[in-house]
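J.: As a plain string of letters, each chain reads:
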Amino acid sequence: MKKQSQMKIGESMVIIIIFLFLLVFGLVFYVKYKLISVESSAKENANLIAIQTVQKIQFLPELQCSIEGTINYNCIDIYKLASLSELSEEKKGVYESMFPKTKISVKQTYPTYLEWDVYGKASITGNKHLFPIPFAFYNTTANQHYFGYVEIQVFI
Amino acid sequence: MINGKNQNSKTFLHFNKKSMIEIQFNWIFILIVGVLILLFFIGLTNWYKENEMRENSNNVKFMLQTVMTGASINSRTASPIEIPKIEIDFNCDPNECGREGCSSEFTFSKTGVSQDTSMDIIFSPKKIESDFMYVWSLDWNEPYKVSNFLYLSSPALKYYLVYKDGYPNSKKLAEKVFSKMSDNTLIKMKLIEDDEFEHIKYNNEYLVRLIRFYEGPGENFGIDASPSMLKEKKWDVVYITGDEESGTIHYSRWSLTDNKNREKDPNKKTDYVGLSSLIGAIFTEDYDTYLCNMKKAYTKFKTVNEIYSIRSEKLLNTYIGDNKCEFLYGASLQTSFTNIENSLSNVNDIDNSDINVLLNSIEEIKSSNSDTVMKTCPRIY
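Same order as they appear, the protein sequences are chains V and W.
Here the first sequence is numbered in numbering that gives the first Met the number 0, starting from 0 and rising by one per residue.
Here the second sequence is numbered in numbering that gives the first Met the number 0, starting from 0 and rising by one per residue.
Rather than coming from a laboratory, the hints here were simulated on the basis of the structure.
Computed from a prediction, not measured in an experiment: that's the story for all the values here.
Any given hint might turn out to be false.
For lysine to aspartate or glutamate, the following EDC-like pairs were computed, each having C-alpha atoms within a straight-line distance of at most 20 Å [what the hints assert, rightly or not]:
1. V/Lys91 - W/Glu340
2. V/Lys120 - W/Glu99
3. V/Lys90 - W/Glu340
4. V/Lys42 - W/Glu99
5. W/Lys179 - W/Asp194
6. V/Lys100 - W/Glu54
7. W/Lys313 - W/Asp350
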């Protein structure tokens with residue numbers, strides 16, 4: 000009788016152990032799957048943030064060619080560009096939250112090569128996403144259009 | 000023999016007791032293990048539920064960010080966004096504003112997921128909990144484009160624009176605002192005359208906002224609303240006077256003498272500059288939130304103003320010696336930019352005199368810009 004009852008208890012214990020083992024195995028599998036899914040979402044979201052930053056810069060009224068509020072898309076006013084580059088650090092503070100971890104430089108390629116460092120700190124670190132976006136450049140005094148691109152580096 | 004019988008019965012009793020104890024312990028053991036397993040699964044379910052809510056909130060957060068970015072780029076577009084019914088709280092503290100904007104965010108309550116909106120100018124109710132969110136944006140041009148203003152609303156909000164005949168500008172301004180807001184076909188809105196108050200019906204909205212475009216006698220008033228609306232205090236009033244260029248906004252509070260009516264709150268009065276900022280007051284139920292967003296707008300204004308100021312100096316340098324264009328970018332124009340800079344130098348302390356200086360400078364720049372067009376010189380903006 001003693002042996003029988005001991006066997007019965009042993010049986011119950013084994014069932015519980017097997018059950019727990021299966022449970023733990025299931026949990027580990029689920030957690031690993033979730034981790035992979037979260038990593039993939041994080042990558043996707045990082046790309047999304049980078050693209051949103053690029054869109055905001057593309058449509059920044061401080062750079063766009065405009066006539067009394069009417070915007071000329073994909074066009075940069077050279078005089079505004081030069082002014083933005085010369086803006087004081089204090090005034091550039093408004094772009095900290097708009098363009099976190101971002102460097103913006105503008106390069107004119109035609110007719111002559113010119114370069115402006117518009118925004119960004121030298122000490123930014125992280126995975127770099129590079130977005131070159133072609134633009135027309137407008138010189139309001141010469142009434143002429145040039146060509147170049149905006150180079151946006153987003154560090155995620 | 001008798002001893003044998005006694006011994007047998009003793010043994011039998013002994014075994015009986017043992018098995019009874021054994022059975023009882025067995026059941027106790029099963030109970031304990033069962034409860035532990037149950038608690039484990041309940042804990043697992045709760046953890047999973049919280050995780051899913053947090054994941055859901057994160058997804059909605061990114062979706063909202065995308066929509067807000069899109070709306071801020073394309074002004075004058077109104078779009079409905081379908082969102083899960085998670086409560087979203089909008090916070091903006093006007094006492095925490097600096098060169099990088101203001102301490103501001105939207106949060107999904109119960110999950111703690113939040114998004115910083117330091118320099119995003121968003122006029123919204125304090126909270127939105129609905130299946131749909133309406134997103135709309137307008138340019139703020141003073142006189143050059145400074146920023147886009149984002150307006151958030153939901154189907155649970157209703158707006159009544161109220162004018163009164165006999166008050167100068169009241170009807171004109173109300174109609175102007177109504178016409179502008181009609182571009183957004185999604186929001187529930189009505190233009191009514193003062194006498195039509197009693198016909199306002201309450202349909203279980205989260206909030207009914209009355210925008211009064213006049214001030215005068217009878218400012219403390221109640222509306223003939225249903226008992227449930229009065230009981231739940233689901234309505235408020237904003238007083239607006241002025242024109243589409245500038246004016247005053249006065250928020251209200253529950254009357255201190257009579258709990259049913261509302262009256263002007265003497266501590267919640269501010270100025271607006273431009274129709275877009277006036278409309279911002281209509282969408283924002285809370286004075287602090289409105290003030291906070293206007294501070295962000297003024298901070299951005301300072302930056303854009305400096306860009307145009309430097310640009311004008313460069314134009315001046317280009318046209319030195321040119322009799323036609325040189326004087327257009329001269330000292331007078333620079334003074335206007337400087338006056339704007341000075342009037343906005345401390346966004347935490349902008350008063351009526353600063354607003355007047357700002358408005359005068361805006362007019363001067365507009366006038367100078369018109370001169371450049373007449374003289375076929377490069378425009379100021």
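J.: For each hint, tell me whether it holds in the structure or not.
T.: Going through the hints against the structure:
| no. | hint | verdict |
| --- | --- | --- |
| 1 | V/Lys91 - W/Glu340 | holds, 15 Å |
| 2 | V/Lys120 - W/Glu99 | holds, 15 Å |
| 3 | V/Lys90 - W/Glu340 | holds, 11 Å |
| 4 | V/Lys42 - W/Glu99 | violated, 27 Å |
| 5 | W/Lys179 - W/Asp194 | violated, 23 Å |
| 6 | V/Lys100 - W/Glu54 | violated, 25 Å |
| 7 | W/Lys313 - W/Asp350 | violated, 32 Å |
Against the hints set out earlier in the document, violations occur for numbers 4, 5, 6 and 7.
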